[in-house]
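Number of protein chains: 4
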Amino acid sequence: MDNTYGSAFRIHTFGESHGQAIGVVVDGCPAGVRIDEDFIQQELDRRRPGQSAIVTQRKEADRAEILSGIFEGYSTGTPIALLIRNADAKSQDYDHLRQVFRPSHADYTYYARFGRRDHRGGGRSSARETAARVAGGAIAKLLLTQCTTIRMAAWVHSVGSLSMPELEAMPEPAAIEANPVRCPDAGAAIAMEALIREVRKAGDTIGGIVAGRITGMPPGLGAPVFDRLHADLGKAMLSINAAKGFEYGSGFAGTHLRGSQHNDPFYTEKTSGRIRTQTNHSGGIQGGISNGEDVYFKVAFKPVATLLQEQPTVDRDGQATVVQGKGRHDPCVLPRAVPIVEAMAALTLADHWLRARTSIVDA
Amino acid sequence: MDNTYGSAFRIHTFGESHGQAIGVVVDGCPAGVRIDEDFIQQELDRRRPGQSAIVTQRKEADRAEILSGIFEGYSTGTPIALLIRNADAKSQDYDHLRQVFRPSHADYTYYARFGRRDHRGGGRSSARETAARVAGGAIAKLLLTQCTTIRMAAWVHSVGSLSMPELEAMPEPAAIEANPVRCPDAGAAIAMEALIREVRKAGDTIGGIVAGRITGMPPGLGAPVFDRLHADLGKAMLSINAAKGFEYGSGFAGTHLRGSQHNDPFYTEKTSGRIRTQTNHSGGIQGGISNGEDVYFKVAFKPVATLLQEQPTVDRDGQATVVQGKGRHDPCVLPRAVPIVEAMAALTLADHWLRARTSIVDA
Amino acid sequence: MDNTYGSAFRIHTFGESHGQAIGVVVDGCPAGVRIDEDFIQQELDRRRPGQSAIVTQRKEADRAEILSGIFEGYSTGTPIALLIRNADAKSQDYDHLRQVFRPSHADYTYYARFGRRDHRGGGRSSARETAARVAGGAIAKLLLTQCTTIRMAAWVHSVGSLSMPELEAMPEPAAIEANPVRCPDAGAAIAMEALIREVRKAGDTIGGIVAGRITGMPPGLGAPVFDRLHADLGKAMLSINAAKGFEYGSGFAGTHLRGSQHNDPFYTEKTSGRIRTQTNHSGGIQGGISNGEDVYFKVAFKPVATLLQEQPTVDRDGQATVVQGKGRHDPCVLPRAVPIVEAMAALTLADHWLRARTSIVDA
Amino acid sequence: MDNTYGSAFRIHTFGESHGQAIGVVVDGCPAGVRIDEDFIQQELDRRRPGQSAIVTQRKEADRAEILSGIFEGYSTGTPIALLIRNADAKSQDYDHLRQVFRPSHADYTYYARFGRRDHRGGGRSSARETAARVAGGAIAKLLLTQCTTIRMAAWVHSVGSLSMPELEAMPEPAAIEANPVRCPDAGAAIAMEALIREVRKAGDTIGGIVAGRITGMPPGLGAPVFDRLHADLGKAMLSINAAKGFEYGSGFAGTHLRGSQHNDPFYTEKTSGRIRTQTNHSGGIQGGISNGEDVYFKVAFKPVATLLQEQPTVDRDGQATVVQGKGRHDPCVLPRAVPIVEAMAALTLADHWLRARTSIVDA
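Chains as they are written, first to last, in the numbering used here: chain A, 1 to 363; chain B, 1 to 363; chain C, 1 to 363; chain D, 1 to 363.
One thing to keep in mind: the hints can contain errors.
Pairs involving identical chains hold if they fit within one copy or between any two copies, as the list cannot separate such chains.
Mimicking SDA-like on lysine to any residue, the simulated pairs with C-alpha atoms at most 20 Å apart in a straight line are [stated by the list, open to error]:
#1 Lys-270 / Asp-294
#2 Lys-90 / Glu-60
#3 Lys-270 / Val-100
#4 Lys-59 / Asn-280
#5 Lys-270 / Asp-317
#6 Lys-59 / Arg-34
These are calculated hints, taken from the structure and not from any lab test. Since the model is a prediction, treat every value here as computed from it, not as a measurement.
One chain only, chain A, in its complex shape (with noise of 0.2 Å):
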């Protein structure tokens, strides 16, 4: 359903970037968990337009107000609604583009399928839209980390062709919001704050890739056939805004092995008697469902579509004309979408997590 992501723990997300607000309703989160305002404002802070010099100066406090379900500080297993506010739309930067498609924006599309649309900051398809996510996410964090191990971080990984060394476990969240960038490598991250600063300056954008990984999970969340965990993970991270590909695990360079060097071992860890696997080219998932290995996977996504520069394109009934980017905008998405791959890797496993305890009976 357009709009919901989730089976058993859900959230539904509503709101243009320049309507009155933005929201989500969270449906599905058992009752009892504790719920952190705090940190829900904290996960927004992380997305937040104007958090630092690299992104945009949209002025957007994105206070979320929880209008339901919690009742003296604990969920109540009713609907969860958050609601933010559109504070500082400036609308009128966009009436030059009522008429007008932007190139590789939302703009065409919209309109090919709705038959007219929202052209005020796109709407919608504005990335916006990814806070009423956090929010969501933020909850199913709270559930995760109250009741189970499974913790997630993510991460810039490389912005253009500048990429950091492979990890091969979680790094320090201090580390991850130690730079601007959110990129847990210092010296790599003031390469590419640098670039995006010269980007920014060009009027151009620039893309690059954010990594994930998810430590503490339990053998046997994922669901046969379609429900795989790494394709609703897949799913929910293609879903995001400007996201290009998905890989987990081995991912694409892991075609290049035979089976031989592929394929992990099996073998009982000494100390905690856990069946585990020497080599984790799985990512943590077989046949769609976890192991108990750490997930790790990469996200791609394309450079910003709103330039600053003058662009060829046509108008509503054709015709050519040329656009330019006004207002203000990210030259670089990257390090605020790892705060919003995080909340789909969080929604994603609490999904997965609540759906599991349906499985099996001791009968």
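Since the structure of chain A is already known, use the hints to place chains B, C and D on it.
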């Protein structure tokens, strides 16, 4: 829902590798589609074991029996059930695996999820389930062929490190089917086939990449914000056995580009009056909705997990043991994955084409 | 899904009686519906507390704020969120109920299901939630009015043992709204109002029956085999607070008839050429699908559970205690149930009308 | 979704009366349920044609073949497909109906919805489809019997105007099965059987009421606010062929009571310490969630539409004609409806029992 794919046009698959049968119930197919049984069989034959020397030699005719939903050659709008009996299941080949977890298979994870499993041939986790998808996908293809201009093809783009050149258009179906690898580049196909034979001789396996392309797209297919066309395509592809990655349009490589290079300028095509793009880094999808240009994508497949070599592993009690593949297995999943990729693409497109019928009213 | 109703046209409601707000997200509404905010408010006013002397005197303006999904007066195909703030929540009226289970309320059962509950005003189980349905139903009505001939009305058929005569056609809306009971039979309405006043004076409550009728039905709405039009209508009505029964067409009384009396012979209407039935015991639905005749149905509502009398009950520890309603309550739910019944009918019809758009192709 | 019932525990049915087969895919059944094939067959035998002199004499053994999902006698958590071949389909009995719409059947409405139809024996609209539900319901019963205290029974409460006395407890299964009417009151059963025989002799048919009761209910089953337990039960019952009404607890009669008469006071049961109610007008459900008391309900069934009498009607072109039932038909649907009502109740309870597993965390 675990074993269901699709929303308006949907399939429910069932069956295990060594059970009585596998099958599919297609629900939501509109009334009035001419059902060509030969075509369904032809699609199944492309996925069938034993079709060439480089695939598994399990002898399955994979005859689909239509049980319902068709009357006098046309779909009636009621569920279409298709049944494929398992004929050549040599379950005794799997007796030694009853208590053993094969490396990089779903043996351990199904056990973790469900507390028990049908160990014979991988049970439900076997790629045999995908025959049901191909049968359902054939119905979707019939719908699309009869009612739309949408056509799709998939082919083997690489095997291990051997790649064919990138294609800018859809290859001829005959070129794809001209060799057992299903690579439309005849020269590359010869090298790939030799590589697969060499790998098989070594008792090993190898992965690769399947490419796909969808032409004749009407603008306006795809749904904001979670059910983006590429997100659903991605989930569909990632739900195929052994898939490790998905990218569309410029994909992972596109992360190296600047926005000024990546954006696809619009223009109006003289002859048709259609709004088109000069380049197609977007892969025919913007904001999750088709813009009328070709959709193209790649799917990464890992090497098959079953090796005819001895591998260390553990049994259900965590005791170390070894396992070696017996029976009849694919050294490379790619050639048989091609019709499955097409089927999942057809199912996704049929679903979104139907869904788009409810998006506008002329009020 | 718990708090979601509908498939193609769907609503998600949220909110508690004494929380910040209640609201609804309408998803799947096609683009192009003219959104008349006054009409939405007018519908809410029909359900509003304090509208007459025989309903609860809680003072809620029930102003709906549209947060999203509308642009320049038309639906855009994106989620329409409507927010209603809670203004006159006197939560202290419920302090004595924190640990006590009121008889025939949902206090105990919500506690059993969720292990905790918002006790203030019944929390999520309060009929206040139905305001969100009425707001969503107003959108559905606008769609149906602008795009179809489908119209619906509900009215109070009986209060306690006082019934009005059976109607064979839809009454005038003005006749329904002419009195505070919403009974289109003026004589019966006077008696009913007197009865409600008498019951209220006694600190007691009373039930009754709401009748509904849907005209202008196109043939062909409804889906085999589970989502029969009357099954979905029935679920919709039974999901309204205090509903105890649903019947359509000949209903329970029809069980006394022979088939030869009950069958509705077909004939062709001269003037229109339409296929019609001479009688309409079927209630306009055959095999779960509309045949073009009027759909008519009845919904039974039990007496409101909150009494201004002392009643024995137990607290959370199972200790015997007594409870007595304070605050402002409805002596009879019927007059305010009328717009809710209409809203649920409109939502069901809008959903099936959209779904029917995907049922046939001209192949 | 049209041919799917249930959310966590769900069935997909397929098949037409005179097609190859009918069947059901049960998805979401947890692993570990002991599958007793004899029990499934026994349930089907209760619905089977030809079981007594007062039902249709179509000769169908209704043997269910299990195709998947079971391993060594236990459910594995994967879809359980059950197939029932059509054996005694005398399609030629329906040749005269190819272009004719039988009164009060679904012939016209299916044609209106789908533009074509399988006219043989009513095609998909035939009550034969309910055999698939009974097979699926048997799986649900096995789950409930093995894992819960929940038990259900249905029986014939009235035939035409002949009613048995109201029951305050569940009758013995043996008493229900003691006569072909499935009325546990032996005296009433004799009169009912005589009435059915008389009606049949006249080439006519007759309706009636099935009563149902569910015992051993745990408190806490059912979901706010749309998926109330009784709303889902109601939909389930109304989706059965020929159903015209549903009521639970005090039902329509309860509308005559005052709140002071209708409310069910809570008390704590000495022996068990359980919170119970002194009366049970609520029918075991409050706010849509079970309170642990028995759930009881009634379902109204209209007289069968097929008469062995001549009736006026029209054909596909709207031309007046007459129709007369041939072949083998039920004079009264009630005796065979009993196991269907039980099956739908079992499916609803299994679904909600599973769903309740995800409602609380101990955070």
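TODO: At 20 Å max between alpha carbons, let me know whether Lys-90 reaches Glu-60 within a copy, between copies, both or neither.
DONE: within (11 Å within a copy, 34 Å between copies)
TODO: Go through the copies and call it for Lys-270 and Asp-294: within, between, both or neither, with a Cα cutoff of 20 Å.
DONE: Close inside one copy (19 Å), not across copies (52 Å); limit 20 Å.
Open item on the list: Reference check for the pair Lys-59 and Arg-34, CA-CA at most 20 Å: within, between, both, or neither?
Closed with: Neither. Shortest intra-copy (30 Å) and inter-copy (32 Å) distances fail the 20 Å Cα cut-off.
Task: Copy assignment of Lys-59 with Asn-280, given that the CA separation must stay at most 20 Å - done: Answer is neither: 43 Å inside a copy and 34 Å across each miss the 20 Å cutoff.
Open item on the list: At most 20 Å between alpha carbons: which applies to Lys-270 and Asp-317, within, between, both or neither?
Closed with: between (70 Å within a copy, 13 Å between copies)
TODO: Could you figure out if Lys-270 and Val-100 sit no more than 20 Å apart (CA to CA) within one copy, between two copies, both or neither?
DONE: between (65 Å within a copy, 19 Å between copies)
The structure fails hints 4, 6 (numbered hints given earlier, in ascending order).
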